[in-house]
Structures are given as C-alpha cells and as structure tokens.
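Spelled out, the chains give:
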Amino acid sequence: MSPSRARFALVVGGTALVLFGIVVWSQVMRPWRAARLLEQAAAADGKVPYRATAKTKVLYGSDVLESEAKIASDGDGKSAIRYEGGSLDGVAMGNDGARVWRYDPRAKRVYTSPPPISATSPLGQKHVDLILSNYRVTEEGREDVAKRPAYRILLTPKQPGANSRRLWIDRETNIILASEERDSQGHLVAKTVFDSIDYDRPPSPKELKAPPPQVAPRKRHSERFIGVKFTPAELSKEIGFTVRVPSYVPEGYVADGSYLYHCPECHETASETRYTNGMDSFSLFQGREVCDAHGKGGHVSRVGNRQVVSWKHGDDQFCVIGSLSLEELKRIAASLPGGSAAAPQAR
Amino acid sequence: MICQRATELLPEYLYGFLKGRQRQEIDRHLRECRHCQVELEIQRRALLLVEAVQPVEPPVGLWNGVRERISQPEPPLSAWRRWFVATFRKPINAAGGLAVAATLVAAVLSDPRPPATPPRPLPFPENRSAAGYLHQHALIEARLPLADRVALGPVVTLAVRQNLAHDRSVENGE
Numbered sequence: 001m002s003p004s005r006a007r008f009a010l011v012v013g014g015t016a017l018v019l020f021g022i023v024v025w026s027q028v029m030r031p032w033r034a035a036r037l038l039e040q041a042a043a044a045d046g047k048v049p050y051r052a053t054a055k056t057k058v059l060y061g062s063d064v065l066e067s068e069a070k071i072a073s074d075g076d077g078k079s080a081i082r083y084e085g086g087s088l089d090g091v092a093m094g095n096d097g098a099r100v101w102r103y104d105p106r107a108k109r110v111y112t113s114p115p116p117i118s119a120t121s122p123l124g125q126k127h128v129d130l131i132l133s134n135y136r137v138t139e140e141g142r143e144d145v146a147k148r149p150a151y152r153i154l155l156t157p158k159q160p161g162a163n164s165r166r167l168w169i170d171r172e173t174n175i176i177l178a179s180e181e182r183d184s185q186g187h188l189v190a191k192t193v194f195d196s197i198d199y200d201r202p203p204s205p206k207e208l209k210a211p212p213p214q215v216a217p218r219k220r221h222s223e224r225f226i227g228v229k230f231t232p233a234e235l236s237k238e239i240g241f242t243v244r245v246p247s248y249v250p251e252g253y254v255a256d257g258s259y260l261y262h263c264p265e266c267h268e269t270a271s272e273t274r275y276t277n278g279m280d281s282f283s284l285f286q287g288r289e290v291c292d293a294h295g296k297g298g299h300v301s302r303v304g305n306r307q308v309v310s311w312k313h314g315d316d317q318f319c320v321i322g323s324l325s326l327e328e329l330k331r332i333a334a335s336l337p338g339g340s341a342a343a344p345q346a347r
Numbered sequence: 001m002i003c004q005r006a007t008e009l010l011p012e013y014l015y016g017f018l019k020g021r022q023r024q025e026i027d028r029h030l031r032e033c034r035h036c037q038v039e040l041e042i043q044r045r046a047l048l049l050v051e052a053v054q055p056v057e058p059p060v061g062l063w064n065g066v067r068e069r070i071s072q073p074e075p076p077l078s079a080w081r082r083w084f085v086a087t088f089r090k091p092i093n094a095a096g097g098l099a100v101a102a103t104l105v106a107a108v109l110s111d112p113r114p115p116a117t118p119p120r121p122l123p124f125p126e127n128r129s130a131a132g133y134l135h136q137h138a139l140i141e142a143r144l145p146l147a148d149r150v151a152l153g154p155v156v157t158l159a160v161r162q163n164l165a166h167d168r169s170v171e172n173g174e
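So the protein lines, in turn, are chains A and B.
According to my numbering, the stretch in the first sequence is residues 1 to 347, in order.
According to my numbering, the stretch in the second sequence is residues 1 to 174, in order.
No false leads were mixed into what you were given.
Covered by chain A, per the in silico footprint, the following chain B stretches (three or more residues, Cβ under 8 Å):
hint, region
1, 31–43
2, 140–150
3, 154–161
Ranges between beta-carbon positions, derived for each pair:
hint, chain 1, residue 1, chain 2, residue 2, range
4, A, Q27, B, Q22, 35 to 45 Å
5, A, A255, B, E25, 20 to 30 Å
6, A, A233, B, R5, 29 to 39 Å
7, A, E66, B, A94, 46 to 56 Å
8, B, L47, A, A255, 26 to 36 Å
9, B, E41, A, R7, 53 to 63 Å
10, A, R182, B, S78, 46 to 56 Å
11, A, F8, B, V85, 46 to 56 Å
12, B, R5, A, E66, 48 to 58 Å
13, B, R44, A, A255, 20 to 30 Å
14, A, V64, B, I70, 54 to 64 Å
Derived contacts from chain A toward chain B, CB cut-off under 8 Å, selection only:
hint, residue
15, T56
16, V58
17, M93
18, D104
19, P114
20, H127
21, S247
22, Y248
23, S281
24, R306
25, C319
Keep in mind that the hints were calculated from the coordinates and are not lab data.
This structure is a prediction, so every number in the text was calculated from the model and none was measured.
Glycine included, C-beta positions come from ideal geometry on N, C-alpha and C.
Build out the structure end to end from the sequences listed, making use of the hints.
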C-alpha cells in the first residue's frame with residue numbers, strides 16, 4: 001500500500017471511529033448516565049439533611065396557585081414543608097417516618113396518610129424501574145439552582161397522553177432542587193424551584209413535628225383498613241359490592257392494588273383501585289351514593305390539576321381521576337360498565 | 001385476528017354495526033394491539049370531525065348567477081396577475097415557488113416555543129366527592145418516589161377546603 005493510501009485509510013478509519021464513539025456516547029452512555037442520576041436522586045430522597053426555601057406554582061382548576069414554602073429534612077426519613085403567605089399561610093405537610101401528616105389551620109385538623117415509598121425499598125425500586133421503562137430519561141445539561149450546580153434531566157413519556165417532567169438534581173447531594181411537570185400539550189401543570197438550600201444546619205426535631213390539632217378528628221369506622229392493599233375480589237367482600245376494574249389500561253401502567261377509601265369529612269366509603277407508571281397514577285373510585293352531583297349522562301371536569309370522568313351505572317357511581325390526557329381517561333371509562341355512554345357525552 | 005382485517009372492520013365497529021363474535025374479536029384485538037388502538041382513535045376523531053360539519057343549503061339563485069358569470073366575457077387581467085401567470089406557468093419557477101412556500105410552512109410549524117394559548121378552563125365541579133377523590137389521589141401521588149410534594153400540598157389543601165365549603169353550603173341550604 002502506498003503511503004498516500006495508508007494516510008487516507010488512517011483518516012477515514014479515524015473519522016469512522018470518532019463518529020462511532022459519538023453515536024455510542026449519545027445513544028447508550030448519555031441515557032445510561034441520566035438513568036443513574038435519576039436513581040441516585042430517588043435514593044437520596046429523605047436521606048440528606050437540609051433546610052430550604054422554595055417557590056411553587058401549580059395549576060388548580062383554571063387558576064395558577066403560587067406559594068412559598070420552607071422545607072426541612074433530617075436525613076433520617078423525617079421531613080416537613082411549611083407554606084407561608086397567601087391563603088396557604090400556616091399549612092404544613094410532613095413525614096414523621098410512619099405516616100404523612102398534613103395540617104390546615106383553617107380546618108384546625110391534622111390529616112394523615114401512609115408514608116412515602118422509599119426508593120431503596122423493594123417496592124420503591126419497582127417504581128423506579130417502572131419510571132425507567134415508561135420514560136425516556138435524557139440529560140439536558142447543567143444549570144445552577146439555589147446557587148448549587150445541578151444536572152437538568154428530562155423525562156419524556158414513551159406513551160402518548162402522559163405528562164413530562166423536568167428535574168434539576170444537585171450534582172453533589174442528588175437532592176432535587178427544582179421540578180417541573182407539563183401535560184401532553186406542553187402546558188405547565190406544576191413547578192417548584194428551591195430559592196436557597198443549606199446542608200450545614202440540620203433541622204431540630206421541633207421543626208419536623210406536626211402541630212397538635214385543635215379539633216379532634218372524626219373517628220373512622222373502617223380505620224383499620226386505611227392503607228391496606230386488597231385484591232378487587234377481597235375488597236368486594238369487605239365493601240359489599242363488586243369492585244370493577246377497567247379492561248383498558250394505558251400502556252406502561254400496572255395495577256397498584258385496591259384500597260378502601262373513606263372520606264375524612266362525610267364518612268362515605270368507596271373502593272379505590274390504583275394504577276401507576278411509576279411517576280404518574282390514576283385511580284378508579286367506585287361507590288354508592290357518593291357522586292351525587294353527577295347524573296347518569298356522564299361528567300368531565302378538571303379538579304385541581306387533574307382530569308376527572310365520572311358517571312353513574314345502576315347503583316354504582318364511578319369516578320376516574322388522574323394526570324393522563326382526557327382521551328385516555330375516557331378510554332378507561334369506556335372499558336367499564338356504563339362508561340362508554342358517559343365518555344362520548346363528556347368530550 | 002390480524003391487523004389488516006381489524007383495520008378493515010374498524011369503521012363498522014365505530015358505527016356500532018358489528019355484533020356478536022366479530023365485535024368480541026375486535027374488542028379482544030384492540031386490547032392487545034397498540035397499532036390498531038391508535039388507528040381506531042384516528043378514525044374516531046375523523047368521524048367526530050365529519051359529524052361536526054353542518055349541511056349547508058346553497059343560497060337561492062346561486063346556480064343562475066354562476067351560469068350568468070360564465071357566459072360573460074373574461075375581464076382583462078391586472079398587471080400583477082399577468083406577471084404571476086407568466087412567471088409560474090414555467091414548471092421550474094412553479095417548483096421553486098413551492099419549495100420556498102414549503103420551507104416557510106416548515107419553519108412556522110417547527111417553532112419550538114410552547115403553545116401560547118393556555119388550556120381551555122373546564123368547569124370546576126360543585127362536587128364534594130370529586131374534590132375528596134382529588135385529595136386522596138394527590139396523597140397517593142405524594143407517596144411515589146420523585147414526586148413534587150411541595151406542589152401537591154396546595155392542591156390537597158384546597159381540595160379539602162372545597163369539600164368543607166360544600167358541606168357548609170349544603171348545611172345552610174344554599
């Protein structure tokens with residue numbers, strides 16, 4: 001081979017190798033790295049002590065609510081969020097390790113619910129795996145949030161109709177410093193951005209404690225079943241009617257179980273069957289005499305930042321609620337008894 | 001059932017003409033086949049669009065007017081129109097014009113900015129139970145790893161306050 005040909009082959013081979021490297025980096029290594037960042041962020045939730053201040057914007061009905069909050073985490077699973085100013089002044093939410101509590105000074109009542117799922121538990125790992133199988137995770141770049149360098153990660157749903165997320169993850173601690181949720185049309189659903197974060201002064205136990213309620217909560221006669229996971233058949237026996245499940249479930253969503261729902265205000269009981277894709281969820285509520293404002297013809301509405309399709313069929317009242325697109329919720333409704341009659345009128 | 005057969009039957013399925021075994025087969029196929037689900041959705045939307053079109057009656061005297069105008073001598077073309085016809089009569093010029101127009105359309109359609117129009121506000125239900133369900137649903141979402149719990153707090157709080165307000169208005173007979 002002549003020297004000029006050898007030089008030519010070297011240049012061509014080198015260029016091909018560089019191009020191959022770029023393709024491998026962009027198609028394999030970058031998504032892999034972004035997925036690991038996401039896993040690390042999920043694992044860091046509740047494991048790092050800090051105090052922070054944040055601003056949040058959330059779509060509620062046709063309004064956008066804006067509020068400010070102080071956030072504290074002790075790094076041992078306990079945390080508290082206290083809202084300041086406006087109509088939410090004095091509202092607080094927290095996790096005491098065993099339950100999630102929420103205090104509203106207007107109602108003077110503490111509400112409780114099961115604790116968050118730890119990403120390091122087997123159930124939490126299952127959720128993270130679901131997220132990675134249902135979303136394309138890409139690292140968009142690096143930005144400073146609350147004067148901290150952060151990775152910007154985009155989660156694009158693989159299935160149509162689901163909401164996308166953008167997360168800003170602290171490069172050193174993996175704490176999520178900002179979060180943005182947009183619907184399938186690109187409209188903002190919710191956004192939270194930390195203004196400041198301090199990792200050097202962990203919060204005191206007093207800061208993480210729930211305020212004592214001034215009004216005693218009403219006793220719930222089915223309290224022992226709250227948060228207990230049933231199969232639909234088991235819950236049917238408990239609740240006294242056949243719990244229905246949709247025959248159509250959007251791709252990527254899996255059943256999370258059936259639960260007894262007990263309204264904390266009016267004591268009405270319904271079944272709640274949940275489905276999740278790891279990041280989002282939708283719930284099917286079924287009860288008797290619960291959706292009294294909804295007629296037989298079907299009803300679609302936006303409650304807060306979620307879409308609702310509800311209808312009546314015989315003695316049963318159904319309500320599907322979730323962050324999916326209205327089209328998908330209507331398809332779910334159409335796969336349930338009486339739902340096909342409700343969904344077309346609800347367009 | 002294969003997709004080709006299912007696709008052929010989808011229009012009849014949409015109109016509700018399919019009965020019995022054929023309908024069950026389509027239902028079963030649609031549950032399993034994402035491609036046909038999308039096809040069904042496209043056809044459903046097309047049907048809705050067609051149904052939304054109202055029949056229009058032609059105005060009285062339309063046909064007589066058309067005949068009269070056809071029989072009239074053609075008016076002389078303006079200078080601009082003469083230039084347009086002369087320029088784009090040649091295929092190469094017409095192709096060039098089309099290419100420029102297509103580029104402009106593509107540039108407009110590929111605008112990466114988010115849509116400027118806000119989502120159409122849907123009616124806010126005067127419904128205690130739906131707000132209670134939102135409360136429950138939001139609390140469940142708050143349990144998921146990576147959930148934005150700071151943003152869920154206001155939603156949960158206002159949903160419950162709406163419940164309480166509804167209860168009070170019912171108690172007061174409003």
